[in-house]
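Protein chains in written order, with the working numbering: chain A, 1 to 229; chain B, 1 to 229.
The reader is advised that the hints may include incorrect statements.
[As the list claims (entries may be wrong)] Calculated pairs, DSSO-like style, for lysine-lysine (alpha carbon to alpha carbon, straight line, at most 27 Å):
(1) A:Lys92 with B:Lys18
(2) B:Lys18 with A:Lys203
(3) A:Lys4 with A:Lys204
(4) A:Lys228 with A:Lys204
(5) B:Lys146 with B:Lys171
(6) A:Lys203 with A:Lys228
(7) A:Lys167 with B:Lys171
(8) B:Lys204 with B:Lys147
(9) A:Lys147 with B:Lys18
(10) A:Lys146 with B:Lys228
(11) B:Lys167 with A:Lys146
(12) B:Lys146 with B:Lys104
(13) A:Lys4 with B:Lys146
(14) A:Lys153 with B:Lys38
(15) B:Lys171 with A:Lys147
(16) A:Lys146 with A:Lys167
(17) B:Lys38 with B:Lys68
[What the hints assert, rightly or not] Just a few of them, taken from the derived set where beta-carbon distance is under 7 Å, the chain A residues facing chain B:
(18) Asp89
(19) Val91
(20) Leu94
(21) Asp95
(22) Pro105
(23) Ser117
(24) Lys153
(25) Ala166
(26) Ser219
(27) Gly222
These are calculated hints, taken from the structure and not from any lab test.
Note that CB positions come from ideal geometry on N, CA and C, so glycine has one too.
Protein chains: 2
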Amino acid sequence: MSNKVAILIIDDEVQMRKLLQITLESNDYIFTEAATAKDGMIMAVNHPPDLILLDLGLPDEDGHTVLKKLREWFTNPIIIVSVQSSEEDIVKALDNGANDYLVKPFRTGELLARIRSALRGIFTEENNPVIINGDLQIDLSARTVKKNEELLKLTSTEYSLLALFAKNEGKVLTHQYLLREVWGPGYINQSQYLRVFIAQLRKKIETDANRPAFIVTESGVGYRFAAKE
Amino acid sequence: MSNKVAILIIDDEVQMRKLLQITLESNDYIFTEAATAKDGMIMAVNHPPDLILLDLGLPDEDGHTVLKKLREWFTNPIIIVSVQSSEEDIVKALDNGANDYLVKPFRTGELLARIRSALRGIFTEENNPVIINGDLQIDLSARTVKKNEELLKLTSTEYSLLALFAKNEGKVLTHQYLLREVWGPGYINQSQYLRVFIAQLRKKIETDANRPAFIVTESGVGYRFAAKE
DNA sequence: CTGTTTTATATAAAGATTTTATAAAGATTT
DNA sequence: AAATCTTTATAAAATCTTTATATAAAACAG
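The task is simple: from the sequences and hints, build the whole structure.
Have a look at this one:
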C-alpha cells in the first residue's frame, strides 16, 4: 500500500548501481536494479516501475534495442544514463522513446531534478492516495472524506482521527497512542476527549451509529478501524 | 488552420535566433521570436505556441522568473536553452516546470530530438487553459474570470488566489500554503489577509456570498474550491 | 452460573474558546 | 484621484472542553 515512486535501474556497473541506490533511497524512491538487459526486461514486466533509468552499454544486448523493446509496452518515463555522448546516440535514443538522456558522469542533483521533471504529469490525478473502505473514501491529498460518494463535513480533529485510523486499518490503536498522535503528548490522560470525538465521528461515518462497523471499540484498550469488503 | 507545430524562441542574441530560425524552419516548424522577456510573454499569450525555447539570460527580467510566470498558465513544453551550466540553474529550472534544459552551445540535432521528445504526447492530453466550474470560467492565459459569461473585475491578488484554487479543485488548501503561494513565504502568519481577500472574492464570484458554494471554509485548516456539475 | 458491584464507554448538552466573516478606516501604490 | 493593500475592530459561527448522566462491559462474590 506504499505510495512511493518505484524506479528500476538497468546498468551493469556495480558502483553506478550503488551510487544510484544511495541517491534514490535517500530521496524516498523505491529502488530496484538489474545488471543485464534480460534481467531488466523481466523485472520491468513483473513489477512495472514508475520510471526506468537505462544504461545503453549493457553486456548482453544493445541499449537502443532494449529501449525499443521496452517502449513496445512500457509507457512510463525512461531516462537514458550513458557514457556515450555522441549526438548520434542521443538523437537515436530520444527518437526511440526515451524521455531524457543524461551523459555519465552526471551530477546527482541534476539527475534527481530530471527524474522529478519526467514524473511530473504522470502522477497528477491517478496517484493520489485514496483509502477506500466499504462506502467510505478518504482522500489524503485532498483532505476530504466521502460516504456513498457524498462529501462529509468533518472538523479538523475529526479528520485527523479518522485519517490515523485509516492509515492503520485493522490495528488496535490504544487510547494513549490516539491521544498522543492527534492531540499531543500532553493529552494522553484525556480519555474523555477521545470518547466524545469517537461518538461524533461515528455519527458521521457509520451507517448505524449504534452498531459501529468502522470504528470498533476494544474495551479497556482502544479502538480499531475494521476493514470492510 | 495549419497543422504545423509552432515554436516560440525567447532569446536576446540575434545570432542564436537566426540559427534557430534556419534549423526549425528547415524542419517544418513555424518559427516566432522575441528578444525580451516582456515581448516573449506577450507573444505567448496572444498566440500560444506548441513549445517555447527560453533563454535564461534575458536583458529585462530573470529567466527563472519568466519561466515561473509562464508556468502559471502555459501547459505546453518549455525547453530552456542557456549558457548557464551550473547544477543550481538546471535544477531550479526543471523544478520550476521546464521540460528540458540544454546548455549552449548545443548540437542542433540533439535540440531537434529533444524538441520531438518534448512534443510527444502533447496532442494526446488535453491542456485547455480555461477552467470551467459551474457558471464560472477562469481563463489562465488571459487572466480573466467570467461569471455567467460576464467579465468580473478582480484585482491581481484576488485573481492569483482564485487561479490557485481553480488549479487545485476539490483539494483543501491550508492557510499556510495559500499565503506562501500568493503572498510569499514571509506572509505565512498573516491569516487575516486571507480572510479579507476570501471575503472579497466571495462577494464577486459567489451567487450567494452568505452560502459560499465555490470557496468552502475548512475551519482550522484552510479553504477548498468545490467542484460543481 | 447468577446477580451485584465496579469500571469503562457513549452521548447530549452547556459553557468556553478559537476561528472566521465583514465592514471600515488608514496607508500605500499606481 | 482612484484603486488596491493593510490594519483594526467587532460580530458571528464553528469548534473544543467540560459536565452530567445513561448505558454497556468486566470483575467478583456467593
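To see whether the hints hold, each was checked on the structure:
no.	hint	result
1	A:Lys92 with B:Lys18	26 Å, holds
2	B:Lys18 with A:Lys203	69 Å, violated
3	A:Lys4 with A:Lys204	31 Å, violated
4	A:Lys228 with A:Lys204	17 Å, holds
5	B:Lys146 with B:Lys171	22 Å, holds
6	A:Lys203 with A:Lys228	18 Å, holds
7	A:Lys167 with B:Lys171	19 Å, holds
8	B:Lys204 with B:Lys147	9 Å, holds
9	A:Lys147 with B:Lys18	60 Å, violated
10	A:Lys146 with B:Lys228	16 Å, holds
11	B:Lys167 with A:Lys146	21 Å, holds
12	B:Lys146 with B:Lys104	43 Å, violated
13	A:Lys4 with B:Lys146	39 Å, violated
14	A:Lys153 with B:Lys38	46 Å, violated
15	B:Lys171 with A:Lys147	17 Å, holds
16	A:Lys146 with A:Lys167	16 Å, holds
17	B:Lys38 with B:Lys68	14 Å, holds
18	Asp89	10 Å, violated
19	Val91	4 Å, holds
20	Leu94	4 Å, holds
21	Asp95	6 Å, holds
22	Pro105	13 Å, violated
23	Ser117	5 Å, holds
24	Lys153	9 Å, violated
25	Ala166	16 Å, violated
26	Ser219	31 Å, violated
27	Gly222	25 Å, violated
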